[in-house]
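Enquirer: Sequence:
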Amino acid sequence: MNSSKGSWSNISMISRPLQTHYSRSKTVMRRAFFLAFLLLALALPTVTGESETGELFAWSGQATMVELSGEWDWNTNISMTENNGIWSTYVDLEPGMYCYKFIVDGEYIFDPTNSYRGYCGGLENSIMRVDSAPKLTQKIEENYLIISGATSSPNENYNFVQDENNWQLNISNLPVGKHTIELQSSTSQSSLAVFWTGPQAEFQWEDALIYMVMTDRFVNGNQSNDGPATGAETEADWMGGDFEGVKQKIEDGYFTDLGINALWISPANTNPTGSYIAGDGVHNVSGYHGYWPVQPRQVDPRFGGEQALEEMVEAAHQAGIRVMADFVVNHVHEDHTYAQENPDWFNQGCLCGTDACDWTERRLDCLFMDYLPDLDWKNRNASEQIISDALWWIERFDLDGLRVDAVKHVDDLAITNLAIQINERFEQTGTDIYLKGETAMGWSGHDLAANAEQYATINRYIGQDGLDGQADFVLYHAVVDNVLTSGNMDYGHLDYWTNRSQDQYVDGAIMVPYIGSHDSSRFISRADNSGDQWNQWAEQSLPGAPQPAAYDKAKQAIAWLLTTPGAPMIYMGDEYGQAGGADPDNRRMFSSILDKNQSGLLNFTKDLANIRLENEALRRGVYSTYQVEENLLAFEMTTADDSTLVILNRGQQTTISSDYDNVLFGQTTQNNSILNIPANSVTILIKANTTIDDNNTIDDNNTIDDNNTPENNSNAGNNNTIDDINSTDDDNNTNDVVIKAKTSWSSLESIRNILAVLVAISLVIFIGMNRKTAGNR
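Heads up: the sequence shown is residues 191 to 967, going by this note's numbering.
Keep in mind that the hints were calculated from the coordinates and are not lab data.
All values reported here derive from a predicted model rather than from experimental measurement.
Where a beta carbon is used, it is the ideal one built from N, C-alpha and C, also for glycine.
There's no promise every hint is true.
[What the hints assert, rightly or not] Listed below are the simulated DSSO-like cross-link pairs for lysine-lysine, each with C-alpha atoms no more than 30 angstroms apart in a straight line: (1) 568 to 598; (2) 877 to 786; (3) 796 to 786; (4) 568 to 325.
[As the list claims (entries may be wrong)] Label-pair distances were calculated between CB atoms; the ranges are: (5) 585 to 548: 37 to 47 angstroms; (6) 417 to 585: 21 to 31 angstroms; (7) 830 to 296: 44 to 54 angstroms.
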């Protein structure tokens, strides 16, 4: 026993130095760990600035000094603080709009991450828009509309269910069609959730077949709203068409039978009651077309007023048809409320096209006519009011897009700012409000280099903060003027310029090809070439019924239009071959009484349009040349899953070799791999294993590589660089990644605050450990 006790005691005595050494090692290790943690935490970057409330301004890049200059106090520049290449500061601002610029090493530049612009003191600046309250965030996932940021149900009229911090609405329970839901809580601004349910939810604007309606010249659905004669020439006066007439054609199924799924209506604003001198200085014309607004937010009673427009749009949506309204941004009529009450909103320019007033050189301030005051988009009050009016029309009448008139005649910021505000108000769920522009360009010759300026000018206004697409003026001049009406150029020319429309425009642009419009002589009369196709007035010889050969040309043109990429547009009456000269004769009243040739062309158009509607490759496919000859063009439209072969032949009967064996359209016969192509024919084929889609599938529609010409096919560029008024804005943008949202900084601040607490705790523990160690000594 004693021996045992003595043995354990000896072992215990021997182990004490080891235990003491081990304990001290753990203490040192703990102290070292806390010291390392403390140093690491203190070394982490912090967010600094004059204050940490207000509006965040930030710029990213390499610089020695960055300052902020703004409208809140132009006399005092604010120094910005750098942290890991990000220069930032906060400024407390009241709700409103403020011009500002960054000063990078003495050079004034725009904010590269903010496209919204405006003028202060005659100089263009970036614009900070400060809201009075935050907006709710929204998204659609699967069958749910998910709203974040609401303190209560964002709309008591719908069955929103709270899920943690979000509110969710099962949209599969809603009726099929279009829905616009106003969202608001006690701590947020009002916003809109716009979306479609059912098959139409899969629609993309590449799927659109657009039909342009000049309302007054379409169908008179209610004679009681017809106005009195204005004193204009008969062909340039009101003829009685109205929105009730458009609605009747929707409900009659005319557009559905024609494969139309988007309407473009001429401007609906109230126009003047009198007549005015035409551009020729001889004839009198009225505002039947809608492009001379006298009221900003009033539907012309001659079109039926607000209720008629509401009902027409509702009927269109029930039929699965989008509605795009024309919107005038360049001018108003002299009787307009704005011209009367705010004369400082308008340019005091010259008359476009007169001596020393070139249409291009003076495009931003010249007047189309002396009774059409030209809006000054440099005036912020004017520009913001016009944008507000555009938003009102979209929201008030549940529109799906705008056709923006005379784009190149307004400052670039008109399009950019309009697009940004439309996106913020209507597109947050992913539903696109299609913005189609009119940037009228001419033709400069039969090669790409000669038309580079045309492409560049059209591209200038297209992009993420811009238009979705534009009327393809270059393609119109290339193929309608030179191939399809005159026959001066062969089908190689047709193929070449069709290819160019795929590789010369901004990536993602949805261009609008067309063969006729309200601004050009009627296609069928141009194809007939009887010598009177350019005449305008009743005292002249105006185009009559075309010869049958003109209808053959029209079939080739319509087949090309409906089978090539883009969102093609049919001008009312072109589907049956409406004759007419130049404006206003190209705007004859729509007719439902057709002769044999017209009926044949209408049925041809219906058949092809519905094939396009049912064939994804024709809507979203990539264009590639299959075979081209002087009077024959065969091309493929291809998606990842399917391809379609289109053969246009304006010549004699011929043959081509092909493995396409399922004829969708045409009288082609096949002998093994040889297709017999009839004269003056259109043929559309798919392969036997190809299925026709239900218009609900989505596929990639990227731009193509040209396989038809050795010419340089690089894109014309989107011209996003902007010369600063005070200095150039050039290479500073290459590495600009600017944080604009407060939330990202808030997250960093939260981490910093947590670390600060941990640092304090570590210090307390570290000091306590040192004291304990000192006491033990």
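Enquirer: Hinted pair, alpha-carbon criterion (30 angstroms max): residue 877, residue 786. Please report holds or violated.
Expert: 34 angstroms, violated
Enquirer: For the hint 21 to 31 angstroms, verify it against the beta carbon of residue 417 and that of residue 585.
Expert: 28 angstroms, holds
Enquirer: Has the given pair, residue 568 with residue 598, been kept, meaning a C-alpha gap of at most 30 angstroms?
Expert: 15 angstroms, holds
Enquirer: Within 30 angstroms, alpha carbon to alpha carbon, are residue 568 and residue 325?
Expert: 28 angstroms, holds
Enquirer: For the pair we were handed, residue 796 and residue 786, check the Cα-Cα distance against 30 angstroms.
Expert: The given pair, whose Cα atoms are some 15 angstroms apart, holds under the 30 angstroms limit.
Enquirer: With 37 to 47 angstroms as the target window, see if residue 585 and residue 548 comply at their CB atoms.
Expert: 38 angstroms, holds
Enquirer: Measuring from beta carbon to beta carbon, are residue 830 and residue 296 in 44 to 54 angstroms?
Expert: 52 angstroms, holds
The structure does not agree with numbered hint 2 stated previously, though it agrees with all others.
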